[in-house]
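Produce the complete structure using the sequences and hints provided.
2 protein chains.
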Amino acid sequence: MSQTNGAVLVLSGPSGAGKSSLIKKIEHDIGSYYFSISTTTRPMRKGETDGVEYYFVDEAEFKKDIEEDMFLEYALVHGNYYGTSLKPVKQALEEGKLVLFDIDVQGNSAITNRLGDITTSVFISPPTLSELKNRLTNRSTDTQEVIERRLKMARLEIQRVSEYDFLIINDSLETAAKQLLQIAHVARLKKPLDQINDFVYKWENLEN
Amino acid sequence: MSQTNGAVLVLSGPSGAGKSSLIKKIEHDIGSYYFSISTTTRPMRKGETDGVEYYFVDEAEFKKDIEEDMFLEYALVHGNYYGTSLKPVKQALEEGKLVLFDIDVQGNSAITNRLGDITTSVFISPPTLSELKNRLTNRSTDTQEVIERRLKMARLEIQRVSEYDFLIINDSLETAAKQLLQIAHVARLKKPLDQINDFVYKWENLEN
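The listed protein sequences derive, respectively, from chains P and V. With this note's numbering, the residue at position 133 of the first sequence is 133, and numbering never jumps. With this note's numbering, the residue at position 5 of the second sequence is 5, and numbering never jumps.
Just so you know, the hints here were simulated from the structure itself, not pulled from any lab data. Watch out, some of these pointers could steer you wrong.
To be verified - With a straight-line cut-off of 20 Å between C-alpha atoms, the simulated DMTMM-like cross-links for lysine to aspartate or glutamate are:
id: 1; chain 1: P; residue 1: Lys202; chain 2: V; residue 2: Glu131
id: 2; chain 1: V; residue 1: Lys202; chain 2: P; residue 2: Asp171
id: 3; chain 1: P; residue 1: Lys202; chain 2: V; residue 2: Glu157
id: 4; chain 1: P; residue 1: Lys19; chain 2: P; residue 2: Asp29
id: 5; chain 1: V; residue 1: Lys19; chain 2: V; residue 2: Glu53
id: 6; chain 1: P; residue 1: Lys202; chain 2: V; residue 2: Glu53
id: 7; chain 1: V; residue 1: Lys202; chain 2: P; residue 2: Glu163
As the list claims (entries may be wrong) - Label pairs and their computed distance ranges (CB to CB):
id: 8; chain 1: V; residue 1: Glu145; chain 2: P; residue 2: Met70; range: 54 to 62 Å
id: 9; chain 1: P; residue 1: Glu27; chain 2: V; residue 2: Ser140; range: 45 to 53 Å
id: 10; chain 1: V; residue 1: Pro43; chain 2: P; residue 2: Asp117; range: 40 to 48 Å
id: 11; chain 1: P; residue 1: Glu27; chain 2: V; residue 2: His78; range: 18 to 26 Å
id: 12; chain 1: P; residue 1: Glu27; chain 2: V; residue 2: Lys152; range: 30 to 38 Å
id: 13; chain 1: P; residue 1: Asn113; chain 2: V; residue 2: Gly96; range: 29 to 37 Å
id: 14; chain 1: V; residue 1: Ser130; chain 2: P; residue 2: Asp50; range: 49 to 57 Å
id: 15; chain 1: P; residue 1: Thr141; chain 2: V; residue 2: Phe35; range: 49 to 57 Å
id: 16; chain 1: P; residue 1: Lys178; chain 2: V; residue 2: Arg42; range: 38 to 46 Å
id: 17; chain 1: P; residue 1: Leu173; chain 2: V; residue 2: Ala60; range: 54 to 62 Å
id: 18; chain 1: V; residue 1: Thr49; chain 2: P; residue 2: Arg160; range: 44 to 52 Å
id: 19; chain 1: V; residue 1: Pro43; chain 2: P; residue 2: Gln159; range: 48 to 56 Å
id: 20; chain 1: P; residue 1: Thr137; chain 2: V; residue 2: Gly96; range: 31 to 39 Å
We treat Cβ as the ideally placed atom computed from N, Cα and C, and that holds for glycine.
Have a look at this one:
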C-alpha cells in the first residue's frame with residue numbers, strides 16, 4: 001500500500017477567524033496540496049479573477065452540473081449557487097495531494113459524508129465574539145450590514161463546532177499555525193477505505 | 001480554555017506488530033503521558049511484577065469492581081478477566097496527560113464509546129501474515145500452540161482495522177515511529193466535549 005495517498009483537510013470558521021493567514025503560514029510546509037476552488041453563480045466582483053477566487057459560471061451551467069452529479073457538494077446562499085466540482089478534487093487525490101477546503105459547516109458535513117474515511121476537519125475560531133467584531137471592523141473591507149451578517153453567521157456556525165475533529169482557537173497566530181501544520185501532516189496518514197480493504201485482503205491471501 | 005487537556009491514544013494490533021518497540025521509541029518525545037495498566041485475574045507469571053505488567057487481583061475483587069462500575073472496559077478471555085480501571089485514567093486525564101492504551105479491538109470499541117471525543121485510535125500491523133509468523137517464531141518466547149493462537153487472533157483483529165482512525169503498517173520501525181509520534185502530538189489537540197460546549201457558551205456570553 002502506498003504511503004502517499006491523497007487526503008482531505010477541511011477548514012471552517014467565521015470570516016475573520018484567520019483561515020487565510022493560517023493557510024498562507026503553513027502552505028510551504030505541508031507538501032503537495034491542492035486548494036479547492038469553489039464554483040459559483042454569483043457575479044464576479046471588481047478585482048476578482050475567474051479560477052482564482054471562484055470559478056464563475058451562469059445558473060444554467062451550474063444546474064446542468066447538478067443534474068449530472070458533478071458536485072461534491074453545493075448550496076444556494078442568498079440567491080447564489082456555490083459548489084465544489086468533483087473532478088479536480090478526484091484528480092488531486094489520485095495524485096496523492098492533500099486537498100484543502102475552506103468551506104462552511106454545511107459543506108463540511110457534505111464532504112465528510114462523501115469522503116469521511118480520508119477527511120480531517122478543523123474548525124478555526126477567534127477567541128471571542130467581541131474579538132471577531134474587532135477584527136471585522138478593523139479590516140474595514142465590509143459594510144456594517146455585512147459585518148452584522150457575518151457575526152450572525154458566526155454565532156450559528158460555532159454551535160456546530162462539535163461536528164469537527166479539531167477546534168483551533170486562533171488567539172496566537174504562531175500557536176494556531178503550528179497546531180494546524182501538525183494536523184495537516186497527520187491528515188495525510190488517513191487511508192481510504194478501499195486501500196484498507198485491499199490491505200486486509202492481501203494480508204491474509206498473499207505471501208503466505 | 002486550556003491548551004493542555006488530557007487525551008487518549010489507543011494502540012491495537014497483533015502481538016508481534018511491534019507496539020512495545022514503537023512506544024519505547026517515542027515515549028521520550030510525546031510529553032507527559034500515562035501508560036494504562038490493566039487489571040487481571042490471571043495468575044502472575046514468573047518475572048512479572050504487580051503494577052508493572054498488570055494489577056493482579058482475585059476474581060472476587062474483580063467482580064466487586066464490575067458491580068461498582070469501576071471499569072472503563074473489561075472482558076473475559078480464556079477464563080480470565082482483564083479490565084481497565086477508571087480511576088487512574090480519570091486522574092491522568094485531569095492532570096492533562098496523554099493516556100496510552102495497548103488494548104485489543106474490543107477494548108478500543110469500549111473506550112471509543114466512553115471517551116470518543118478525546119480518543120485517537122491507531123491499529124499497528126505487521127506488513128503481512130507471513131512476516132508476523134516470522135517475528136513470533138524468531139522471538140521464541142511462545143510455544144507453537146501460543147503462536148498459532150496469536151496468528152488466529154491477528155487474522156480476526158485485522159478484519160476490524162476500519163474501526164480505527166489510523167492504520168500504521170510497521171514495515172520500517174523508523175517510519176512507523178515517526179508517524180506514531182505525529183499522531184500522538186495531534187491526539188493532544190482533541191478537546192473534550194464539555195470544554196467545547198463551555199467554549200461555545202463563553203464565546204457568546206462573555207466579554208461581549
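Hint check:
no.	hint	verdict
1	P:Lys202 to V:Glu131	holds, 13 Å
2	V:Lys202 to P:Asp171	holds, 15 Å
3	P:Lys202 to V:Glu157	holds, 15 Å
4	P:Lys19 to P:Asp29	holds, 16 Å
5	V:Lys19 to V:Glu53	holds, 15 Å
6	P:Lys202 to V:Glu53	violated, 34 Å
7	V:Lys202 to P:Glu163	holds, 18 Å
8	V:Glu145 to P:Met70: 54 to 62 Å	holds, 58 Å
9	P:Glu27 to V:Ser140: 45 to 53 Å	holds, 50 Å
10	V:Pro43 to P:Asp117: 40 to 48 Å	holds, 42 Å
11	P:Glu27 to V:His78: 18 to 26 Å	violated, 53 Å
12	P:Glu27 to V:Lys152: 30 to 38 Å	violated, 48 Å
13	P:Asn113 to V:Gly96: 29 to 37 Å	holds, 34 Å
14	V:Ser130 to P:Asp50: 49 to 57 Å	holds, 55 Å
15	P:Thr141 to V:Phe35: 49 to 57 Å	holds, 51 Å
16	P:Lys178 to V:Arg42: 38 to 46 Å	holds, 44 Å
17	P:Leu173 to V:Ala60: 54 to 62 Å	holds, 57 Å
18	V:Thr49 to P:Arg160: 44 to 52 Å	holds, 48 Å
19	V:Pro43 to P:Gln159: 48 to 56 Å	holds, 53 Å
20	P:Thr137 to V:Gly96: 31 to 39 Å	holds, 36 Å
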